[in-house]
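Based on the provided sequences and hints, a complete structural model is requested.
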Amino acid sequence: MLESDFQKQNRFFLNMGPQHPSTHGVLLIVLEMSGEYVLDPQPVLGFVHRMHEKMAESRPCGGFMPNTARMDYVCALPYNHGYVSLIERKTGIEVPKRAEYIRVITSELNRVASHLLWLGAYLLDLGAFTPILYGFDDREHILDILEDITGSRLTYCYYRFGGVYQDIDDKFVDATRAFIQRLRKRFVIYEKLVTKNIIFIKRTENIGIVSPDMALRYGMTGPNLRGSGIAYDVRKNEPYSVYPEFDFEVPVGAQGDCLDRYMVRIREMEQSLRIIEQALDRLPEGPVRAKVPKNIKLSPGDCNFAVEAARGELSYYLVGDGTSTPYRLKVRVPSYSNLSCLPELGRGILLPDLVSILGSFDLVIPEMDR
Amino acid sequence: METISILPPELIRMLIAVIIIISFLFLNAIMMGYLERKIAGHVQRRPGPMEVGFHGILQMVVDGVKLLGKELLIPFNVDRTLFRVAPLLSFTPVILPLLVIPFSEKLQARDLSLGLIFIVSMGSVNVMALLVAGWGSNNKYSMFGAMRAVAQSIAFEIPILLSMLAVVLMCNTFSLKEIVGAQQKIWFVVLQPVAFLIYVIAGVAETNRAPFDLPEAESELTAGFHTEYSGMGFSLFFIGEYTNMFIVASVATVLFLGGWHGPNLPYGEYLGVVWFFLKVYFLLFLMIMIRWTYPRVRFDQLLNFAWKYLVPFSFVNILITAVLVKL
Amino acid sequence: MAPETKNFKEDILFHEFNTTETDYNQRGYHLEVALEVNQVRKFAQKAYDEGFYLVFVTGFHVLSEETAEGTTSGLNGVYQFARYDRLYRIKGQVSVPEDMSLPSICDIYQGASWHERETRDLYGINFEGHPNLKPLLLSDEDRDFHPLLKEEKKLKSLEAVSWTPEALESVDADAKAPSSDSIDS
Amino acid sequence: MKQYFSEIYTGGKSLVEGLGVTFKALCQPIVTVQYPREEIDITPNYRGHIDLVLDPEKNTFLCISCGMCEKSCPSDCIKVKGKKMEGEKKKTLVLFELDFTKCSLCGTCVEVCPKDALEYSQEYNLAAFSREAFHFDILKRLEERRT
Numbered sequence: 001m002l003e004s005d006f007q008k009q010n011r012f013f014l015n016m017g018p019q020h021p022s023t024h025g026v027l028l029i030v031l032e033m034s035g036e037y038v039l040d041p042q043p044v045l046g047f048v049h050r051m052h053e054k055m056a057e058s059r060p061c062g063g064f065m066p067n068t069a070r071m072d073y074v075c076a077l078p079y080n081h082g083y084v085s086l087i088e089r090k091t092g093i094e095v096p097k098r099a100e101y102i103r104v105i106t107s108e109l110n111r112v113a114s115h116l117l118w119l120g121a122y123l124l125d126l127g128a129f130t131p132i133l134y135g136f137d138d139r140e141h142i143l144d145i146l147e148d149i150t151g152s153r154l155t156y157c158y159y160r161f162g163g164v165y166q167d168i169d170d171k172f173v174d175a176t177r178a179f180i181q182r183l184r185k186r187f188v189i190y191e192k193l194v195t196k197n198i199i200f201i202k203r204t205e206n207i208g209i210v211s212p213d214m215a216l217r218y219g220m221t222g223p224n225l226r227g228s229g230i231a232y233d234v235r236k237n238e239p240y241s242v243y244p245e246f247d248f249e250v251p252v253g254a255q256g257d258c259l260d261r262y263m264v265r266i267r268e269m270e271q272s273l274r275i276i277e278q279a280l281d282r283l284p285e286g287p288v289r290a291k292v293p294k295n296i297k298l299s300p301g302d303c304n305f306a307v308e309a310a311r312g313e314l315s316y317y318l319v320g321d322g323t324s325t326p327y328r329l330k331v332r333v334p335s336y337s338n339l340s341c342l343p344e345l346g347r348g349i350l351l352p353d354l355v356s357i358l359g360s361f362d363l364v365i366p367e368m369d370r
Numbered sequence: 001m002e003t004i005s006i007l008p009p010e011l012i013r014m015l016i017a018v019i020i021i022i023s024f025l026f027l028n029a030i031m032m033g034y035l036e037r038k039i040a041g042h043v044q045r046r047p048g049p050m051e052v053g054f055h056g057i058l059q060m061v062v063d064g065v066k067l068l069g070k071e072l073l074i075p076f077n078v079d080r081t082l083f084r085v086a087p088l089l090s091f092t093p094v095i096l097p098l099l100v101i102p103f104s105e106k107l108q109a110r111d112l113s114l115g116l117i118f119i120v121s122m123g124s125v126n127v128m129a130l131l132v133a134g135w136g137s138n139n140k141y142s143m144f145g146a147m148r149a150v151a152q153s154i155a156f157e158i159p160i161l162l163s164m165l166a167v168v169l170m171c172n173t174f175s176l177k178e179i180v181g182a183q184q185k186i187w188f189v190v191l192q193p194v195a196f197l198i199y200v201i202a203g204v205a206e207t208n209r210a211p212f213d214l215p216e217a218e219s220e221l222t223a224g225f226h227t228e229y230s231g232m233g234f235s236l237f238f239i240g241e242y243t244n245m246f247i248v249a250s251v252a253t254v255l256f257l258g259g260w261h262g263p264n265l266p267y268g269e270y271l272g273v274v275w276f277f278l279k280v281y282f283l284l285f286l287m288i289m290i291r292w293t294y295p296r297v298r299f300d301q302l303l304n305f306a307w308k309y310l311v312p313f314s315f316v317n318i319l320i321t322a323v324l325v326k327l
Numbered sequence: 001m002a003p004e005t006k007n008f009k010e011d012i013l014f015h016e017f018n019t020t021e022t023d024y025n026q027r028g029y030h031l032e033v034a035l036e037v038n039q040v041r042k043f044a045q046k047a048y049d050e051g052f053y054l055v056f057v058t059g060f061h062v063l064s065e066e067t068a069e070g071t072t073s074g075l076n077g078v079y080q081f082a083r084y085d086r087l088y089r090i091k092g093q094v095s096v097p098e099d100m101s102l103p104s105i106c107d108i109y110q111g112a113s114w115h116e117r118e119t120r121d122l123y124g125i126n127f128e129g130h131p132n133l134k135p136l137l138l139s140d141e142d143r144d145f146h147p148l149l150k151e152e153k154k155l156k157s158l159e160a161v162s163w164t165p166e167a168l169e170s171v172d173a174d175a176k177a178p179s180s181d182s183i184d185s
Numbered sequence: 001m002k003q004y005f006s007e008i009y010t011g012g013k014s015l016v017e018g019l020g021v022t023f024k025a026l027c028q029p030i031v032t033v034q035y036p037r038e039e040i041d042i043t044p045n046y047r048g049h050i051d052l053v054l055d056p057e058k059n060t061f062l063c064i065s066c067g068m069c070e071k072s073c074p075s076d077c078i079k080v081k082g083k084k085m086e087g088e089k090k091k092t093l094v095l096f097e098l099d100f101t102k103c104s105l106c107g108t109c110v111e112v113c114p115k116d117a118l119e120y121s122q123e124y125n126l127a128a129f130s131r132e133a134f135h136f137d138i139l140k141r142l143e144e145r146r147t
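Residue numbers (this note's numbering), protein chains in the order written: chain A, 1 to 370; chain C, 1 to 327; chain P, 1 to 185; chain B, 1 to 147.
Simulated from the structure, these hints should not be mistaken for lab results. From a predicted model like this one, the values you see are computed outputs, not experimental measurements. For every residue, glycine included, the Cβ atom is placed at its ideal position computed from N, Cα and C. Accuracy of the hints is not assured; some may be wrong.
Under the rule of at most 20 Å between Cα atoms (straight-line distance), these lysine-lysine pairs were calculated in the PhoX-like manner [to be verified]: (1) P:K150 / A:K54; (2) P:K154 / A:K54; (3) B:K115 / A:K196; (4) B:K115 / A:K294.
Computed footprint of chain C on chain A, listed as stretches where at least three residues anywhere in the stretch have a Cβ under 8 Å from a Cβ of chain C [said to hold, decoys possible]: (5) 79-89; (6) 120-133; (7) 261-275; (8) 344-355.
Structure (structure tokens):
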């Protein structure tokens with residue numbers, strides 16, 4: 001039906017972005033359209049390209065820490081986590097147990113915050129205004145908790161090679177426990193307001209179906225992949241830090257539509273809360289920072305470290321040359337691969353569905369552009 | 001009929017009515033704008049406008065002044081005539097229906113025997129404004145908005161008419177005054193709950209309010225048909241939308257909620273307006289709450305909803321009503 | 001709970017290539033594959049058939065060298081693949097010949113399309129067979145500007161940045177003896 | 001047909017439930033803070049831009065102008081200058097500038113300082129009309145705090 005003669009003759013281009021409300025920042029999608037049907041969406045990236053990888057090559061490895069938080073500012077701590085773990089793997093620094101626990105707790109809190117923001121932003125894309133404010137209300141609690149120990153609210157620079165910047169206190173533990181209780185109650189509200197809503201279900205069910213094969217060809221990871229029914233989570237499949245010590249599930253969807261991706265994220269928040277609870281219960285005593293040489297030397301050769309960021313697998317690939325400056329640092333960001341399937345996924349769908357798909361991918365543009 | 005002879009000539013009466021209605025229309029837009037912001041704020045657990053006046057009560061006045069002072073930007077390459085005409089076109093037809101609405105027993109500018117038909121026909125002119133605005137803007141997003149508005153309006157006009165017809169069948173008149181008069185004992189919402197529901201849903205869609213705000217749909221079409229408008233051009237659309245909401249709510253009040261009827265007040269034939277406004281603003285409150293609760297429906301779902309659910313239900317409803325009335 | 005890699009015999013999957021097993025705990029991946037230019041597509045096809053997904057395609061810049069086949073361009077293409085169902089990461093590395101071109105794998109892995117466009121932006125590697133090799137991250141005006149190419153004096157030879165057990169130990173020796181002014185916890 | 005009606009029922013019910021949530025929220029107190037009118041106390045751990053620590057006993061800075069912070073700063077935004085005063089063995093700090101436009105608040109300078117002479121300020125209301133306003137003279141800020 002899409003390739004009728006009429007539609008072939010009546011194609012036109014529509015620039016969606018870079019200042020479009022639902023491209024979340026500065027993403028341009030050039031849509032070739034026929035009526036309200038999208039025939040060929042081509043994303044154009046690079047509006048906030050800052051060449052972080054070049055910056056990494058021009059300063060000692062410790063100096064790149066603040067940059068990691070600025071790639072994905074919504075979920076900065078896993079980016080910190082990946083980078084410090086990479087350097088620790090490269091140099092063989094042992095991290096105290098307590099520090100690893102703190103890393104896991106804060107990373108998971110940050111993941112929940114990221115998902116809460118996504119929840120609101122997605123509903124905003126679908127035209128509901130209120131959930132984003134509720135999401136922000138909850139997220140604000142996390143930011144307050146994290147601000148208290150990290151000193152910043154968004155672009156954290158909390159982890160250090162061999163540990164964390166400062167120890168957590170009882171106030172943090174109590175606040176986190178209280179927050180978990182609160183969020184569990186709030187899930188009921190989200191379920192009533194959003195998950196069960198018939199309009200929401202109609203807007204997301206059977207929209208933008210990503211088949212497992214398609215996910216593999218595009219290298220999709222994270223909740224977008226798990227929505228397609230593949231239980232791939234770096235925290236489970238490639239355990240790092242102290243994740244193997246916790247009991248948590250990897251939620252998966254059934255067919256890979258927007259609703260599945262939504263449900264995966266919602267259930268992931270619950271799992272994150274479980275991890276945090278277990279970590280708080282078993283929090284070991286001890287130092288939070290190992291002794292590390294002042295001048296960290298990166299041995300020649302390459303090294304890879306993957307962590308699960310809120311949007312999927314984040315890989316750092318480092319080539320060292322014996323000095324303290326990385327010779328080459330490649331950051332493999334999840335959203336980049338996730339979005340690359342859009343030209344295939346968005347063929348022949350309606351414009352509102354494209355907005356729904358974009359929202360369900362949970363894109364953070366500065367992360368893709370780096 | 002004695003009262004008419006002591007009234008001023010009909011023309012003066014109409015002029016006064018029009019002046020009152022136009023000033024009320026602006027007042028309503030200001031009030032609705034304020035209410036919408038305040039309710040939206042509290043629904044989202046924030047205070048809403050707080051700075052201008054007591055609890056921000058003058059915020060909308062200030063905004064109005066600001067919009068008046070803004071330049072009416074006319075983008076390059078637009079159809080200048082259509083672009084300028086569209087806001088006026090959206091504004092004028094919403095004044096006229098107010099002339100035939102009976103606010104209380106005696107407060108009615110003109111009681112047309114075909115009042116209901118008049119309102120419906122004026123309501124359809126409004127979509128013309130959206131089409132002209134979208135077409136004249138020379139912007140693809142505006143064009144999408146305009147096309148959606150037309151299809152949506154056509155689809156929802158039918159259930160609106162059919163649900164009205166059910167009421168008309170029950171009291172055998174198109175005159176709004178007589179319809180209210182027929183509800184002296186029992187409101188039609190009790191007798192016609194399905195028609196009432198259909199009317200409210202279709203009315204929300206007719207006024208392009210969320211969750212049926214597809215012509216605007218800011219997450220898809222930036223701002224839809226009024227993307228290119230600024231200053232007064234934009235605010236006329238804005239006033240038009242709120243007045244349209246008011247008309248839909250007052251027609252619902254007249255048809256289903258018993259118009260000015262309520263517990264007796266002194267000077268009931270004039271002060272019935274209090275009950276009327278209470279009912280109207282209750283409905284408007286409901287419409288605002290709906291906007292801040294639900295996501296937007298998709299375009300084809302909207303049309304499906306009209307044709308697959310609203311139209312069959314209203315047909316069945318009419319059939320049953322007709323049979324029962326005949327009995 | 002942690003997926004055991006020992007039980008799988010992935011390393012034999014790529015027996016037709018020049019593979020080296022690596023220590024996962026030190027390098028973060030399990031198998032290193034040294035590729036020739038004409039093997040790249042075969043390697044990608046093999047990885048796809050075996051159910052690997054593409055992690056990234058990138059490159060890095062070293063000194064060009066004289067080899068038996070001729071002068072290399074100094075650029076190296078790096079491909080990383082991993083699996084969804086179990087823990088196994090492989091890295092393919094290929095030296096880009098002097099004409100600065102590599103075969104494109106974006107018809108096997110569609111996701112490689114963007115990675116290859118990015119690599120062209122940053123290094124100027126021309127991926128032959130790519131249908132749409134337009135700049136992605138950089139703008140069209142910067143077509144011939146490749147930010148990650150290093151200056152002559154900063155370039156090191158491929159050996160200097162390649163992994164050797166000895167190199168690690170020599171650095172380790174420095175690291176294992178923290179100097180007195182190291183930061184206390 | 002049965003599905004048609006059950007969908008109307010569940011759909012309608014979900015919509016009413018959603019309306020219930022927002023209506024409940026409408027009646028609950030607000031949770032936001034009217035920012036310029038009210039302010040929340042900021043946590044003592046907040047990491048603003050750096051400041052020199054004022055030694056309460058000597059009523060002066062602790063900085064020995066060793067320049068470690070300057071060297072370790074990944075963004076090159078710190079400028080430290082010491083001068084040997086006559087009759088003193090050690091250098092005295094004469095200039096300490098921070099270019100806050102480049103600073104990424106990583107805190108490396110504070111951690112690297114051998115004398116713990118740097119601290120984080122609690123200031124977050126930072127807004128100005130010019131770029132130059134963010135070239136802080138940290139030493140001058142200390143002089144102002146001096147009693």
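Consistency of the hints with the structure:
{"no.": "1", "hint": "P:K150 / A:K54", "result": "holds (10 Å)"}
{"no.": "2", "hint": "P:K154 / A:K54", "result": "holds (13 Å)"}
{"no.": "3", "hint": "B:K115 / A:K196", "result": "violated (59 Å)"}
{"no.": "4", "hint": "B:K115 / A:K294", "result": "holds (16 Å)"}
{"no.": "5", "hint": "79-89", "result": "violated (count 0)"}
{"no.": "6", "hint": "120-133", "result": "holds (count 9)"}
{"no.": "7", "hint": "261-275", "result": "violated (count 0)"}
{"no.": "8", "hint": "344-355", "result": "holds (count 5)"}
In summary, the numbered hints that this structure violates are 3, 5, 7.
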